[in-house]
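Chain A is fixed; fit chain B onto it per the hints.
Listed here are the chains, written in short residue letters.
Protein chains: 2
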Amino acid sequence: MSEDKAVGLSINTATTRLQWGLIEAAEQYARMGVAGIAPWRDQIAECGLDNAVRAVRDNGLRVTGVCRGGMFPQPTRAAFEANLDDNRRAIDEAHALEADCLVLVCGGLPEGSRDLVGARTMVGEAITVLLPEARAAGVRLAVEPLHPMYAADRNCINTLAQAVALCDTVAPDDPEGWLGIALDVYHVWWDPALADVLDAVDPVRLHAFHICDWRRTTRDLLNDRAMMGDGVADIEGIARKLGALGFNGLPEVEIFSDEWWTAAPREVVATCLDRSLGLRQILSRSGA
Amino acid sequence: MSEDKAVGLSINTATTRLQWGLIEAAEQYARMGVAGIAPWRDQIAECGLDNAVRAVRDNGLRVTGVCRGGMFPQPTRAAFEANLDDNRRAIDEAHALEADCLVLVCGGLPEGSRDLVGARTMVGEAITVLLPEARAAGVRLAVEPLHPMYAADRNCINTLAQAVALCDTVAPDDPEGWLGIALDVYHVWWDPALADVLDAVDPVRLHAFHICDWRRTTRDLLNDRAMMGDGVADIEGIARKLGALGFNGLPEVEIFSDEWWTAAPREVVATCLDRSLGLRQILSRSGA
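Chains as they are written, first to last, in the working numbering: chain A, -14 to 273; chain B, -14 to 273.
It is possible that some hints are incorrect.
Unchecked claim - Stretch-level coverage of chain A by chain B, calculated; a stretch enters the list once three of its residues show a Cβ under 8 Å from a Cβ in chain B: (1) 64 to 77; (2) 133 to 140; (3) 240 to 253.
To be verified - Derived SDA-like pairs (lysine to any residue); straight-line CA-CA distance at most 25 Å: (4) A:226 with B:147; (5) A:226 with B:107; (6) A:226 with B:103; (7) B:226 with A:102; (8) B:226 with B:252; (9) B:226 with A:105; (10) B:226 with A:178; (11) B:226 with A:95; (12) A:226 with B:106; (13) A:226 with B:102; (14) A:226 with B:97; (15) A:226 with B:-10; (16) A:226 with A:214; (17) B:226 with A:100; (18) A:226 with B:178; (19) B:-10 with B:263; (20) A:226 with B:99; (21) A:226 with B:146; (22) B:226 with A:146; (23) B:226 with B:270; (24) A:226 with B:95; (25) A:226 with B:255.
Unchecked claim - One-sided and incomplete, this derived list gives chain B residues near chain A with beta-carbon spacing under 10 Å: (26) 45; (27) 133; (28) 200.
In case anyone wonders, no lab produced these hints; they're calculated from the structure. What you are looking at is a predicted structure, and each value in this text was computed from that prediction instead of being measured. Note that beta-carbon positions come from the ideal geometry of N, C-alpha and C, so glycine has one too.
Same shape as in the complex, but just chain A:
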């Protein structure tokens, strides 16, 4: 490995969630040469926000994102408002952690609903309310399009084009990119419009780059993500594109996998570092 010509790596704590809590993950990641971390809110709650802040600071880690805000479409107005309050707490946490962004998994159809257009409208409405508050807190919001197989139950924002259009609608005048996108290879690798949309996007909107791989024949809708190199996604091709656009964040490994969750966590981290080296070199060269 020649790490000196590569950008650093961030790891999303979901990748080792069954093995390590947030504090231990921060220590171990840093010890093994990982440069960044992206914690989930349940893990922050578990150890307490102050301890989480101390752990990332003491270990010199960059927080590439907090997972997650969102879940905006709700069956009632009261539930919609209550969920906005929860998102406000997420903004506070992202602020305290000095995170690059708060990742928004925008939410699917309210229970019993078939109204995708309505759900998508609620997403825009919620972000319109939250964006000025996030900006006041110095927190960038990152809409993460999720794979279409999650459109019903997790996220009605399902393509990069749709996420970018949402940003441009809610925040047409946003030269600093307070609203942007989190691009996850797993969710977008298949998209025939991906290259064209990336060609047209304002680079200030690129807040996060999540990596893992798509197993050729995926066996489970949730927990069968593959380690980089074990699937068929052209991860380096996407990295090349983001590099050319001047993306200056750290690539962030996020793997939900029943297999990797039973592996020795240090082996998981070492494999993440090793298998991401090529694309981190690509991002490094692009940034030079």
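Okay, now just chain B, sitting in the frame of chain A:
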């Protein structure tokens, strides 16, 4: 039920494939008031093409499609050519059955490949070769975009926009629509661009309308399709759109489901007829 104000229903034999072979399906469907059938090629092979032709003719069934041609991207030139020959046999079968179309499930990445662009190029190349032969045989080809979760292993054509663009590229001058699309609710219901693409499509390209439902939380990537009404797809909204475009085929139920495959097949058919009545009335009114 008031069938008199509704267009007829077709059933794809995959829906009852574990219960009935093609001959029995044709007899039973017709006896229960089903107007059309869409056989799979393995079931045609099982009973023999002549017997299949006789069964659909004797039972007065319209063949809304033959499943399936395609699988065009191949690892070698020889395999590509061999697969074209297989597609030629599929065209012959569709011709013999006087099918509305031959459905093309275009194929995923060749084993070991990450080159989606290359795979998509091979699809266009193959259809360019086959289209004049299909036309000479009086067989319309229907590109079926498959859900993005099948992009790697089954079909690299994953959105309606992409399928329509493929048609327009391969057959820009095609006023009779020898090349068109098969729209399956299961594969496209989530697509934020669906309505706009349907607004712009030449109706002559609409060859087939497959229906089933998307279970809110899908448990299996292949065999967890839901009966109409048991999921969250806005099937009637899509039917309204197709009706407005003058679609004059029969809606075709295609359900891969470990649950429905263990049900009494007459109950499956009765449920298909019942649960499709609303959208068949919509298509009837539109056609009036």
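Status of the hints after comparison with the structure:
1. Counting residues of the stretch 64 to 77 of chain A whose CB falls under 8 Å from any CB of chain B gives 0; the rule of at least 3 is not met.
2. Chain B is given as covering the stretch 133 to 140 of chain A, and this holds because 5 residues of the stretch bring a CB closer than 8 Å to a CB of that chain, at least three being needed.
3. Remark: the stretch 240 to 253 of chain A is not confirmed as covered by chain B, as 0 of its residues place a Cβ nearer than 8 Å to a Cβ of that chain, below the required three.
4. Among the hinted pairs, residue 226 of chain A with residue 147 of chain B is consistent with the structure: their alpha-carbon atoms are about 21 Å apart, no more than 25 Å.
5. Under the criterion of a C-alpha separation no larger than 25 Å, the hint pairing residue 226 of chain A with residue 107 of chain B is consistent with the structure, at around 24 Å.
6. Distance restraint check for residue 226 of chain A and residue 103 of chain B: the Cα-Cα separation of roughly 18 Å lies within the 25 Å cut-off, and the hinted pair is therefore satisfied.
7. A C-alpha spacing of about 15 Å is found between residue 226 of chain B and residue 102 of chain A, which places the hinted pair at or below 25 Å, so the restraint holds.
8. Among the hinted pairs, residue 226 of chain B with residue 252 of chain B is inconsistent with the structure: their alpha-carbon atoms are about 29 Å apart, more than 25 Å.
9. With a C-alpha separation of about 20 Å, the suggested pair residue 226 of chain B and residue 105 of chain A falls inside the 25 Å cut-off, and the hint holds.
10. Between the alpha carbons of residue 226 of chain B and residue 178 of chain A the distance comes to roughly 24 Å, so the proposed pair stays at or under 25 Å and holds.
11. A hinted pair counts as satisfied when its Cα atoms are at most 25 Å apart, and residue 226 of chain B with residue 95 of chain A qualifies at roughly 24 Å.
12. In summary, the hint linking residue 226 of chain A to residue 106 of chain B is supported, as the alpha carbons are separated by about 21 Å, within the 25 Å threshold.
13. For the hint linking residue 226 of chain A to residue 102 of chain B, the alpha-carbon distance of about 15 Å falls within 25 Å, and the restraint holds.
14. Between residue 226 of chain A and residue 97 of chain B the CA atoms are separated by roughly 23 Å; this keeps the pair inside 25 Å, and the hint holds.
15. As the CA atoms of residue 226 of chain A and residue -10 of chain B are separated by approximately 54 Å, the hinted pair breaks the 25 Å bound.
16. Only pairs whose Cα atoms come within 25 Å are accepted, and residue 226 of chain A paired with residue 214 of chain A is accepted, the gap being roughly 18 Å.
17. The straight-line distance between the Cα atoms of residue 226 of chain B and residue 100 of chain A is roughly 15 Å, inside the 25 Å bound, and the hint therefore holds.
18. For the hint pairing residue 226 of chain A with residue 178 of chain B, the CA-to-CA distance comes to about 24 Å; that is within 25 Å, so the pair holds.
19. With a C-alpha separation of about 10 Å, the suggested pair residue -10 of chain B and residue 263 of chain B falls inside the 25 Å cut-off, and the hint holds.
20. At most 25 Å may separate the alpha-carbon atoms for a hinted pair to count; residue 226 of chain A and residue 99 of chain B meet this at roughly 16 Å.
21. As the CA atoms of residue 226 of chain A and residue 146 of chain B are separated by approximately 23 Å, the hinted pair is consistent with the 25 Å bound.
22. Taken as a hint, the residue 226 of chain B and residue 146 of chain A pair is honoured in the structure, with Cα atoms around 23 Å apart against an allowance of 25 Å.
23. Taking the CA atoms of residue 226 of chain B and residue 270 of chain B, the gap is about 12 Å. The hint holds against a cut of 25 Å.
24. Between residue 226 of chain A and residue 95 of chain B the alpha-carbon distance is near 24 Å, which keeps this suggested pair within the 25 Å criterion.
25. Taken as a hint, the residue 226 of chain A and residue 255 of chain B pair is broken in the structure, with Cα atoms around 52 Å apart against an allowance of 25 Å.
26. Contact between residue 45 of chain B and chain A, as hinted, is not supported at the beta carbon level, the nearest pair being about 35 Å apart and thus beyond 10 Å.
27. Interface hint at residue 133 of chain B: satisfied, since its Cβ lies 4 Å from the closest Cβ of chain A, which is below the 10 Å cut-off.
28. Given the 10 Å rule on beta carbons, the hint for residue 200 of chain B holds: about 8 Å separates it from the nearest Cβ of chain A.
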